[in-house]
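Residues per chain, in single letters:
6 protein chains.
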Amino acid sequence: MDQIVTFGEVLMRLSPEGNKKLIQANLLEFYFGGTEVNVGVSISNFGGNVKHISCVSNDFVGDTAIAYLQKFGVSTSAITRSNRPLGVYFLEVGAVMRPSSISYNRSHSSFSEIQPEMVNWEKAMKKAKWLHWTGITPGLCKGGYETLKQGLILAKDKGITVSADPTYRSGLWKYGENAKDVLQDLLNYSNIFIGGINEINEILGTNYTYSNEDFITASKHLIKEYPSIVKVFDKIRTAINSSWHKIRARMWNGFEFRETVDFEITHVIDRIGTGDAFAAGLIYGLQEFDDYKSMEFASAACALKHTYEGDINYATVAEVMGILNGNISGRLTR
Amino acid sequence: MDQIVTFGEVLMRLSPEGNKKLIQANLLEFYFGGTEVNVGVSISNFGGNVKHISCVSNDFVGDTAIAYLQKFGVSTSAITRSNRPLGVYFLEVGAVMRPSSISYNRSHSSFSEIQPEMVNWEKAMKKAKWLHWTGITPGLCKGGYETLKQGLILAKDKGITVSADPTYRSGLWKYGENAKDVLQDLLNYSNIFIGGINEINEILGTNYTYSNEDFITASKHLIKEYPSIVKVFDKIRTAINSSWHKIRARMWNGFEFRETVDFEITHVIDRIGTGDAFAAGLIYGLQEFDDYKSMEFASAACALKHTYEGDINYATVAEVMGILNGNISGRLTR
Amino acid sequence: MDQIVTFGEVLMRLSPEGNKKLIQANLLEFYFGGTEVNVGVSISNFGGNVKHISCVSNDFVGDTAIAYLQKFGVSTSAITRSNRPLGVYFLEVGAVMRPSSISYNRSHSSFSEIQPEMVNWEKAMKKAKWLHWTGITPGLCKGGYETLKQGLILAKDKGITVSADPTYRSGLWKYGENAKDVLQDLLNYSNIFIGGINEINEILGTNYTYSNEDFITASKHLIKEYPSIVKVFDKIRTAINSSWHKIRARMWNGFEFRETVDFEITHVIDRIGTGDAFAAGLIYGLQEFDDYKSMEFASAACALKHTYEGDINYATVAEVMGILNGNISGRLTR
Amino acid sequence: MDQIVTFGEVLMRLSPEGNKKLIQANLLEFYFGGTEVNVGVSISNFGGNVKHISCVSNDFVGDTAIAYLQKFGVSTSAITRSNRPLGVYFLEVGAVMRPSSISYNRSHSSFSEIQPEMVNWEKAMKKAKWLHWTGITPGLCKGGYETLKQGLILAKDKGITVSADPTYRSGLWKYGENAKDVLQDLLNYSNIFIGGINEINEILGTNYTYSNEDFITASKHLIKEYPSIVKVFDKIRTAINSSWHKIRARMWNGFEFRETVDFEITHVIDRIGTGDAFAAGLIYGLQEFDDYKSMEFASAACALKHTYEGDINYATVAEVMGILNGNISGRLTR
Amino acid sequence: MDQIVTFGEVLMRLSPEGNKKLIQANLLEFYFGGTEVNVGVSISNFGGNVKHISCVSNDFVGDTAIAYLQKFGVSTSAITRSNRPLGVYFLEVGAVMRPSSISYNRSHSSFSEIQPEMVNWEKAMKKAKWLHWTGITPGLCKGGYETLKQGLILAKDKGITVSADPTYRSGLWKYGENAKDVLQDLLNYSNIFIGGINEINEILGTNYTYSNEDFITASKHLIKEYPSIVKVFDKIRTAINSSWHKIRARMWNGFEFRETVDFEITHVIDRIGTGDAFAAGLIYGLQEFDDYKSMEFASAACALKHTYEGDINYATVAEVMGILNGNISGRLTR
Amino acid sequence: MDQIVTFGEVLMRLSPEGNKKLIQANLLEFYFGGTEVNVGVSISNFGGNVKHISCVSNDFVGDTAIAYLQKFGVSTSAITRSNRPLGVYFLEVGAVMRPSSISYNRSHSSFSEIQPEMVNWEKAMKKAKWLHWTGITPGLCKGGYETLKQGLILAKDKGITVSADPTYRSGLWKYGENAKDVLQDLLNYSNIFIGGINEINEILGTNYTYSNEDFITASKHLIKEYPSIVKVFDKIRTAINSSWHKIRARMWNGFEFRETVDFEITHVIDRIGTGDAFAAGLIYGLQEFDDYKSMEFASAACALKHTYEGDINYATVAEVMGILNGNISGRLTR
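Chains as they are written, first to last, in full-length UniProt numbering: chain A, 1 to 334; chain B, 1 to 334; chain C, 1 to 334; chain D, 1 to 334; chain E, 1 to 334; chain F, 1 to 334.
No wet-lab data here; the hints were simulated from the structure.
Incorrect hints may appear among the rest.
Because identical chains share one entry, a pair is satisfied inside a single copy or across any pair of copies.
Derived DSS-like pairs (lysine-lysine); straight-line CA-CA distance at most 27 Å [unchecked claim]:
1. Lys-129 to Lys-71
2. Lys-71 to Lys-21
3. Lys-21 to Lys-180
4. Lys-180 to Lys-142
5. Lys-246 to Lys-21
6. Lys-158 to Lys-126
7. Lys-156 to Lys-126
8. Lys-156 to Lys-129
9. Lys-126 to Lys-149
Let's have the full structure, built from the sequences with the hints guiding it.
Rendered as structure tokens:
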């Protein structure tokens with residue numbers, strides 16, 4: 001009973017090197033990612049025992065995706081294969097006032113064919129102690145929603161902790177279901193809420209502001225509506241421009257409000273997956289530390305992720321703790 | 001009335017450098033191609049006036065595809081945009097006894113949404129003297145078949161020459177129509193047949209062998225069934241292995257059988273698009289030379305294409321003629 | 001009558017990747033550029049209809065230069081060829097207090113052979129509504145000066161608007177003519193002056209300071225001397241170091257002085273061609289907006305250019321407008 | 001009891017791209033390999049369940065080596081860490097008459113510290129059915145010899161099949177032991193001998209020639225001296241030059257001599273690890289096929305390896321079987 | 001008598017491109033360096049006549065290392081060869097709060113075999129006017145200590161100026177000698193001390209703080225103990241994070257304390273070797289300028305080094321003087 | 001008196017990677033070369049003491065060219081600088097029947113400004129025992145011819161051996177002199193003739209065929225006309241195509257005709273500079289071996305050069321001798 005399980009699409013990311021636009025390039029770097037993959041790999045890099053559940057293409061692209069997860073020690077035994085291609089996204093990395101830009105090719109991907117009967121949740125979660133989901137998966141396709149729900153029902157039955165990152169992205173939700181209805185449904189099976197005012201307002205239909213006062217009120221409101229939820233964690237990004245961000249976090253754990261100081265990221269290397277690094281830090285942290293320390297760990301992990309290329313966070317626990325212990329001047333380690 | 005028109009999907013090709021497999025790489029080279037695109041760009045490189053008709057994605061990938069065609073002087077004014085992603089294929093380049101391997105991501109691409117009403121054939125072919133089609137497009141989707149047929153009908157009306165390369169590929173034809181029926185239908189609007197025994201047997205339901213005798217008989221049979229067809233050109237590849245090929249061609253032009261000698265390609269650089277280079281050479285040649293010279297030109301063009309990376313043939317007329325004039329020892333030009 | 005015409009040398013830029021010096025490298029990235037090329041391509045990227053007039057080498061380098069312009073939709077029909085090589089420049093990109101460094105190989109290039117009889121201005125400007133010139137071209141060679149003057153005379157005759165960016169660069173002007181005399185001559189045919197105090201002082205032989213008061217006085221003085229000029233636009237760069245700049249602009253349009261706020265470019269990616277991006281933004285803007293909005297558009301375009309590698313500005317109108325609408329925090333677009 | 005166990009050094013390979021010499025380069029491609037690693041990864045790529053035992057550096061280089069094995073599904077649970085650096089080798093890839101050249105940095109590597117007490121063979125081989133060793137490991141250091149011997153003793157006790165590839169390399173064996181003595185000692189625990197006349201002569205102190213007759217006699221002699229050995233397999237390479245090889249194999253399995261035909265490798269991509277690919281093919285084959293088919297499978301695997309860059313064989317069983325079924329013309333797979 | 005002599009290990013540096021971690025890469029950039037090499041090459045780039053004494057591997061790696069020094073005009077005539085491999089280090093370049101990380105493979109390198117009898121100091125220093133040493137060399141191995149000492153004794157005899165950069169690095173000093181004892185011994189032969197409070201405290205066993213007052217007292221104390229030392233120069237780095245540093249310097253030259261202002265390095269490209277650039281600037285400066293100007297030159301050289309990739313400083317005297325003359329805004333040079 | 005002196009232009013070579021055309025690329029590999037540079041560097045790689053005389057650009061390109069020669073141990077002390085740019089050539093590497101293609105940018109290069117007074121031949125050849133020239137230099141510009149002639153006169157005076165490779169290239173000789181006249185003039189100062197029937201026919205105005213009989217007659221004829229010439233060496237290339245060549249050599253040394261067997265180069269990596277490798281091998285050989293052995297050495301060196309990328313031959317004497325000793329199967333060296 002010590003495995004952390006993630007479920008979601010494995011995406012291939014294709015991006016020109018550096019800050020080039022596609023039209024300038026003839027080479028693309030590729031990585032694999034996807035929000036739940038990023039969370040799983042990051043936890044594995046922290047030393048966690050992680051299994052990722054997905055459906056990938058039955059070709060050399062899917063083979064490579066599976067090898068990528070294995071490389072980071074993530075179990076791929078519950079991944080199924082489909083004759084449809086792996087989802088892909090193209091990324092142009094911006095700078096200063098130029099935003100990064102993403103173009104997706106995922107709506108008919110191998111994962112879009114996922115159906116409840118393709119995942120043996122009982123077997124896949126035999127040793128699980130934690131299940132993490134995000135709002136991307138139920139937003140992709142009906143099968144994603146229904147398959148996830150099977151997992152959540154089983155998790156509830158077996159007393160497995162469930163973390164929810166309901167990220168609302170308007171470009172999804174094209175298959176017929178309403179985001180609000182689905183997220184409300186799934187929150188009933190969840191214990192840890194990773195999200196901010198935008199997500200709470202979307203789910204509750206409210207208009208809370210970004211102030212700490214409203215955050216506390218909104219969190220209480222959310223917990224009241226969804227009593228399985230016991231803690232709310234929110235990561236706050238202040239973007240001076242594409243290349244210079246600040247990150248801090250705040251929480252309401254049912255009895256206490258706490259807030260961290262800002263980490264200053266003066267030279268952003270890659271912001272993709274930084275929210276996932278926060279979620280991963282939190283999931284790992286909550287198994288090792290108290291709530292506040294977990295949040296601090298998560299925000300340091302999130303800040304560190306901005307310094308790695310690609311979607312995933314390579315930081316180890318020792319590296320995150322180093323940041324928390326104040327070693328932020330980047331002194332060379334030999 | 002001097003434009004050559006091609007119609008078909010623009011595909012992005014993604015391949016690891018050299019002979020690497022995807023699992024070994026973290027960089028991919030990309031090119032744009034697609035069988036009819038390859039024909040069009042090659043003819044433009046010969047100095048022809050080419051327009052390509054297609055439907056590409058409405059994002060920076062589609063922008064880049066259009067810019068790619070413009071770079072080679074191909075008119076893109078008749079290309080429409082769709083909210084679906086551009087078709088993609090992954091290629092691992094083999095060597096010696098290891099075959100190259102392709103994985104497609106095209107079945108729900110921007111082109112797969114093509115419908116007859118999206119192409120204004122009247123306007124697009126205002127200045128056309130030639131229209132080229134292949135069996136890939138009607139094999140992809142019903143809209144591809146129907147849109148192409150509109151163009152062929154108009155071509156027949158206006159007396160525009162039509163070349164057909166009915167390449168039969170069993171991995172296509174998933175949308176409900178039968179390859180044989182569709183190809184038979186479209187051949188009625190075609191004048192130049194570019195294909196061999198396999199294609200003729202598929203279309204006529206016959207069992208001709210590869211011998212020259214059978215080729216002549218089969219060609220006569222084909223012309224009898226489809227009287228609009230006046231000439232048959234066949235490219236013959238002898239593959240010693242992935243890295244060493246020979247190319248020759250033969251023809252039946254209604255009254256005469258001719259055959260070229262083999263070009264020996266001892267070090268294949270890239271075989272993708274070599275059939276398209278043959279078709280392009282033929283289409284260009286038939287406007288400048290007699291039938292036999294056109295076939296020689298086409299087979300030299302095809303042979304030369306094996307020496308270029310990517311899908312398209314960069315050879316100029318002077319370069320192809322140089323080969324035909326016997327300069328095949330690769331003497332350095334300064 | 002809706003084409004924008006640019007005239008000048010097409011240069012190949014060769015630079016080691018990143019911040020490497022040539023002595024550290026064995027690979028060079030190449031782009032094509034040249035100040036008037038950069039202006040033309042940027043306007044084409046804004047959706048303008050652009051024709052570039054030049055003379056390039058009659059070899060595969062010149063072929064590639066022409067293909068490069070075509071890629072961005074710029075008409076190359078008026079480009080002539082010469083047996084001399086294309087002009088080249090080598091660039092080492094600096095950082096922080098290290099300046100970037102350029103070494104030219106252009107003085108005997110294909111463009112240096114340009115002669116008035118090589119350009120059929122009447123034909124080339126048949127549909128033109130705007131002609132843009134810079135001080136580089138008349139500074140390169142006598143043929144550049146004389147050929148340009150033919151175009152300017154015709155523009156004046158036909159009522160085509162002329163913008164002048166008289167950039168004075170002391171490394172040029174080696175062929176016998178005096179910069180001041182030539183620029184004075186050419187300004188008589190110009191309507192929009194894009195330049196600052198340095199250029200005005202050089203032309204008028206004055207000593208105005210950089211203050212806004214002096215800018216207004218100098219502009220009035222310039223307009224008095226050259227009555228065809230009706231508006232003066234000046235881009236002001238504040239360089240903290242090679243990697244951190246600020247950009248703002250000011251104008252005197254004959255009756256009103258206006259000034260924009262600074263754009264802060266905290267992480268300069270590539271500063272080459274940023275002045276050209278300003279000119280392009282202005283030329284495009286003056287056809288769509290009022291003077292102040294045009295200047296704002298131009299300075300946002302200029303600021304954005306600092307985030308693209310290479311000489312040209314890839315920004316679209318929507319992207320520039322996004323910046324003007326305050327979206328400067330680089331929020332990811334999906 | 002179904003795991004195949006390999007034991008030996010993990011080496012990092014560093015080589016300039018293509019055929020460059022180090023003095024021409026400033027980039028190096030890196031792979032991980034080592035003869036037993038290559039065997040293990042290849043078997044894993046065939047679908048085998050493989051565990052590799054080694055000692056790697058306790059730094060980010062060692063972390064990356066472990067991740068590399070994991071990527072290919074090889075179990076790394078029995079790998080220990082040392083404070084010494086990972087072994088490295090530099091490779092310059094030759095062509096035609098220029099030989100490839102290797103320079104090692106391994107004699108004080110992390111693996112050179114291996115000692116019997118660092119490997120818990122009982123635990124590591126709990127599920128093993130096969131153990132493979134080569135003459136490299138006992139040639140590196142006394143600890144390598146002694147640790148390997150512990151494993152072999154246990155294998156004999158438990159009835160685990162042992163394959164031996166006693167590759168004699170004169171550049172090793174610097175630590176005091178005599179190659180002949182050690183190899184003789186270890187052969188007593190081995191069942192399948194993978195090697196040729198050179199190795200047999202080295203071990204027996206004989207002078208057999210390369211003829212088939214002598215091969216049979218030598219094999220019988222070897223089996224007589226080391227009765228645990230039951231089968232002898234020999235791979236024969238005919239090198240026309242660095243870029244063109246032929247591969248065939250022969251065997252004496254105690255009662256029958258068989259020989260395969262040559263595979264012609266007209267364009268060698270990378271010959272490193274081709275012997276290991278033969279061993280891997282044989283080990284896999286002997287569990288699935290009869291002796292002759294196993295040898296055929298091994299020689300096809302070996303031939304295919306010449307088409308992959310890097311040290312390891314990426315071929316799947318289906319790909320090797322394709323070659324054996326005569327598909328050697330490299331026909332494109334879609 | 002005008003040569004500057006450096007003595008120490010030549011190391012190969014291997015690092016993934018940009019900010020990648022090794023686990024993300026399959027290409028490594030390589031440079032050669034080593035603290036004394038960096039000093040020597042930088043002085044040669046300033047126009048100095050430099051000879052470097054070392055022992056490199058007798059393989060193509062060592063050949064390339066020697067060619068690298070020759071490229072920058074450093075004399076390699078006194079370099080010997082060993083059968084052991086060249087020392088190597090792997091570097092992962094950090095960003096913002098992520099530190100850069102180094103892993104060494106040098107303890108059994110070719111240089112580790114250096115012995116006094118391998119260097120003919122009399123011949124090697126025949127034309128020397130200056131000898132520079134650092135604390136790395138005597139910390140590596142006993143032979144390094146003893147060989148260096150022979151050189152220092154000769155330098156003292158011949159009146160050659162000796163600069164000492166006693167950099168104390170705790171990861172070294174594994175071979176039996178005590179850092180403090182050895183450094184104390186070697187300082188008796190040295191004239192210019194390049195180091196700060198940490199080094200002085202380590203050598204004297206004191207606890208001075210970083211204040212200017214303590215620096216002066218500590219310097220006086222050091223000079224009193226080691227009367228051959230006449231001047232102390234200290235470089236002070238303020239690291240905001242891995243990507244943003246400030247550099248200034250201070251000195252006590254026996255009668256005067258001076259301090260420079262900070263250079264702000266807002267975008268660090270590569271911090272490796274910046275201390276060596278300071279030492280090189282100082283050694284060059286002390287032969288051309290007064291003490292304060294030398295220190296200014298050294299700190300500008302150090303600041304500039306942060307803008308070059310790799311270990312060495314490419315700046316020329318003119319480029320450093322440009323910075324000192326206030327040209328720090330990175331204005332493009334043409 | 002033991003230095004070998006070469007005189008000629010240093011060219012920068014720019015070529016897309018692999019077999020790409022410029023239009024496909026955005027990266028260029030660069031090398032430095034030039035026919036006499038190639039000869040000099042190759043001799044230096046054989047261990048010869050070489051000085052190269054030239055005139056390079058006074059910018060960072062010229063700095064890098066000088067560093068390149070230094071890297072290979074060639075003395076650059078007699079190289080002068082000019083304000084004109086370094087000569088450049090672009091190369092597209094062909095394959096099979098596609099020829100490689102070169103485009104030059106050298107006619108107004110730094111070397112084109114060479115004048116007799118810029119070279120102090122007396123000083124530069126103080127220690128010379130050999131001077132090598134080719135027909136490229138006098139074909140470039142009058143200054144090249146006149147400066148070379150000064151050197152040849154001095155060589156004759158001092159009894160320095162002169163080798164002549166009169167390579168006739170019709171693309172040169174644009175400055176007014178007639179190739180035949182100039183080459184005849186310069187041959188009067190030469191002793192070793194490296195060239196074939198084409199060159200002899202050009203110089204003598206004869207029509208000898210390629211037969212051995214004619215070669216002997218032609219050589220005798222040449223020696224009769226130019227009695228300073230004592231030996232004639234001819235390299236014969238048989239090109240099957242761009243990728244497959246054969247190389248042999250023949251000689252007439254005044255009393256004996258000899259011929260070598262063919263070296264088969266089945267996979268040409270880079271043919272640029274192979275003639276220079278032959279000349280370098282010959283010049284080195286004639287100082288160590290008899291005439292026939294020298295010619296064998298030269299042809300093996302020439303063959304080996306086809307396996308190296310770039311213009312120069314990296315082979316050592318040991319590597320060439322290995323080929324001569326029959327080790328042409330490319331057996332891996334460890």
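Going through the hints against the structure:
Taking the shortest Cα distances, Lys-129 and Lys-71 sit within 27 Å of each other both inside one copy (23 Å) and across copies (25 Å). Taking the shortest Cα distances, Lys-71 and Lys-21 sit within 27 Å of each other only across copies (14 Å), while inside one copy they are farther apart (29 Å). Taking CA atoms no more than 27 Å apart as the test, Lys-21 paired with Lys-180 passes in neither setting, with 35 Å inside one copy and 40 Å between copies. In this assembly of identical chains, Lys-180 and Lys-142 lie within 27 Å of each other by CA distance solely inside one copy; the values are 14 Å within and 37 Å between copies.
For a Cα distance limit of 27 Å, the shortest separation of Lys-246 from Lys-21 qualifies both inside one copy, at 26 Å, and across copies, at 23 Å. Taking CA atoms no more than 27 Å apart as the test, Lys-158 paired with Lys-126 passes inside one copy only; the shortest distance there is 10 Å, against 32 Å between copies. For a Cα distance limit of 27 Å, the shortest separation of Lys-156 from Lys-126 inside one copy, 13 Å, qualifies, whereas the shortest one across copies, 37 Å, does not. For the identical chains of this complex, Lys-156 and Lys-129 are intra-copy neighbours only, at 11 Å inside a copy versus 41 Å across copies, given an alpha-carbon limit of 27 Å.
Taking identical chains as interchangeable, the C-alpha atoms of Lys-126 and Lys-149 lie at most 27 Å apart only when both belong to the same chain, with a minimum of 17 Å there against 39 Å between chains.
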